[in-house]
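There are 2 protein chains.
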Amino acid sequence: MELKPIGIIHTPYRTTWDTPFQGRSSIETCEIEIFKEYEDGLKDIDQCSHLILLYWLDGADNRVLQTHNPFDTDIHGVFATRSPNRPNPIGFQVTELIERKGSVLRIKGIDALDKTPLIDIKPYSSGIDAIGDAKIGWFERNRR
Amino acid sequence: MELKPIGIIHTPYRTTWDTPFQGRSSIETCEIEIFKEYEDGLKDIDQCSHLILLYWLDGADNRVLQTHNPFDTDIHGVFATRSPNRPNPIGFQVTELIERKGSVLRIKGIDALDKTPLIDIKPYSSGIDAIGDAKIGWFERNRR
Numbered sequence: 798m799e800l801k802p803i804g805i806i807h808t809p810y811r812t813t814w815d816t817p818f819q820g821r822s823s824i825e826t827c828e829i830e831i832f833k834e835y836e837d838g839l840k841d842i843d844q845c846s847h848l849i850l851l852y853w854l855d856g857a858d859n860r861v862l863q864t865h866n867p868f869d870t871d872i873h874g875v876f877a878t879r880s881p882n883r884p885n886p887i888g889f890q891v892t893e894l895i896e897r898k899g900s901v902l903r904i905k906g907i908d909a910l911d912k913t914p915l916i917d918i919k920p921y922s923s924g925i926d927a928i929g930d931a932k933i934g935w936f937e938r939n940r941r
Numbered sequence: 798m799e800l801k802p803i804g805i806i807h808t809p810y811r812t813t814w815d816t817p818f819q820g821r822s823s824i825e826t827c828e829i830e831i832f833k834e835y836e837d838g839l840k841d842i843d844q845c846s847h848l849i850l851l852y853w854l855d856g857a858d859n860r861v862l863q864t865h866n867p868f869d870t871d872i873h874g875v876f877a878t879r880s881p882n883r884p885n886p887i888g889f890q891v892t893e894l895i896e897r898k899g900s901v902l903r904i905k906g907i908d909a910l911d912k913t914p915l916i917d918i919k920p921y922s923s924g925i926d927a928i929g930d931a932k933i934g935w936f937e938r939n940r941r
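So the sequences go chain by chain: P and F. If you use the numbering used here, the first sequence corresponds to residues 798 to 941, in order. If you use the numbering used here, the second sequence corresponds to residues 798 to 941, in order.
Be a bit skeptical, because a hint or two may be false.
As the list makes no split between identical chains, a pair holds if one copy fits it or if it spans any two.
[Stated by the list, open to error] In silico DSBU-like pairs for lysine-lysine, Cα to Cα no more than 30 Å straight-line:
1) Lys801 to Lys833
2) Lys898 to Lys840
3) Lys801 to Lys932
4) Lys905 to Lys833
Simulated from the structure, these hints should not be mistaken for lab results.
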C-alpha cells in the first residue's frame with residue numbers, strides 16, 4: 798500500500814508552533830498546487846464548496862499508540878484522538894474551496910505545515926459526511 | 798509514504814454488486830478487527846459516538862483521472878467525485894460506533910467490501926468536521 802503525492806499544500810506555517818490549534822479555525826487562505834500529471838482529475842472541482850483533504854504528516858511518529866492531548870493530561874489511545882502521531886500518519890481536514898485557478902486551489906481552513914504532501918481530495922457532502930450530534934466523551938468533559 | 802494495515806473490516810459485501818449505494822445508508826452492523834499490536838491505540842475509543850475510518854480500496858484503478866458517476870453520464874475529475882478509482886485509493890467513511898469488545902469494534906454505516914484493510918481511525922467531531930450547507934454542483938443538478 799504505497800502512496801504517491803498528488804500535489805503540495807502551501808501554508809504560512811513553517812513549524813508546529815506556528816500552526817493554529819485546529820485547521821477549521823484557521824482564517825488564512827492557502828494554496829494547494831496539484832502536480833500537472835493529476836490536473837485532469839480536477840475537472841468540475843470548482844462546483845464543490847467544501848473539500849476533504851488527505852495529506853501526509855511528514856514529521857509524525859508512527860510508533861506512538863497512546864498520547865495525551867493539549868486539552869488534558871489523561872492518556873488516550875491515538876485512535877480516540879486527532880494526534881498526528883499514529884501508525885499511518887494521514888492528516889484529514891474539511892476545508893472551504895475559495896477558487897480554482899488551473900492547477901492551483903485556493904482553500905481556507907487548514908493547519909498543515911508548509912510543503913505538506915497532498916494525497917487525496919474528495920468533495921464534501923453534507924448528506925453523507927455531516928453528523929450534528931457526535932460525541933467525544935473525554936473531550937466534552939474537558940471543555941466544561 | 799508506505800501504509801500498513803492496522804486491522805480488517807468485515808462486512809457482508811463480497812462484491813461491489815452487493816454493496817449499498819452509499820455507506821451512510823447501510824443498516825448492517827459490521828465488525829472491525831484491530832490487529833493485536835495496535836490494540837493499545839483503542840483506549841477510550843468507546844467514548845466516541847462516531848468514527849472516521851480510512852481504508853484501502855484494494856480493487857481500485859489508480860490510473861483513472863476522470864470518470865462518470867452512477868448518478869449521471871457527465872464526466873468529472875475523480876477529485877470532484879467519491880469514486881474508488883483515484884491516484885491514492887483511500888476510502889473514507891463516517892460511521893457510528895455501536896460498541897467495542899476488546900480488539901473488535903462494532904460499527905454501522907460502511908459500504909466497504911469484506912476483508913478491506915483498515916488504515917486509520919479518528920474520532921469524529923461535529924465541531925470541526927460537520928458542514929451543514931456544503932454544495933456539490935453537479936450532484937445537486939442531477940437530484941432535481
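Tested hints:
| no. | hint | verdict |
| --- | --- | --- |
| 1 | Lys801 to Lys833 | both (14 Å within a copy, 28 Å between copies) |
| 2 | Lys898 to Lys840 | within (12 Å within a copy, 44 Å between copies) |
| 3 | Lys801 to Lys932 | between (34 Å within a copy, 28 Å between copies) |
| 4 | Lys905 to Lys833 | within (22 Å within a copy, 39 Å between copies) |
Checked against the numbered hints above, the structure violates none of them.
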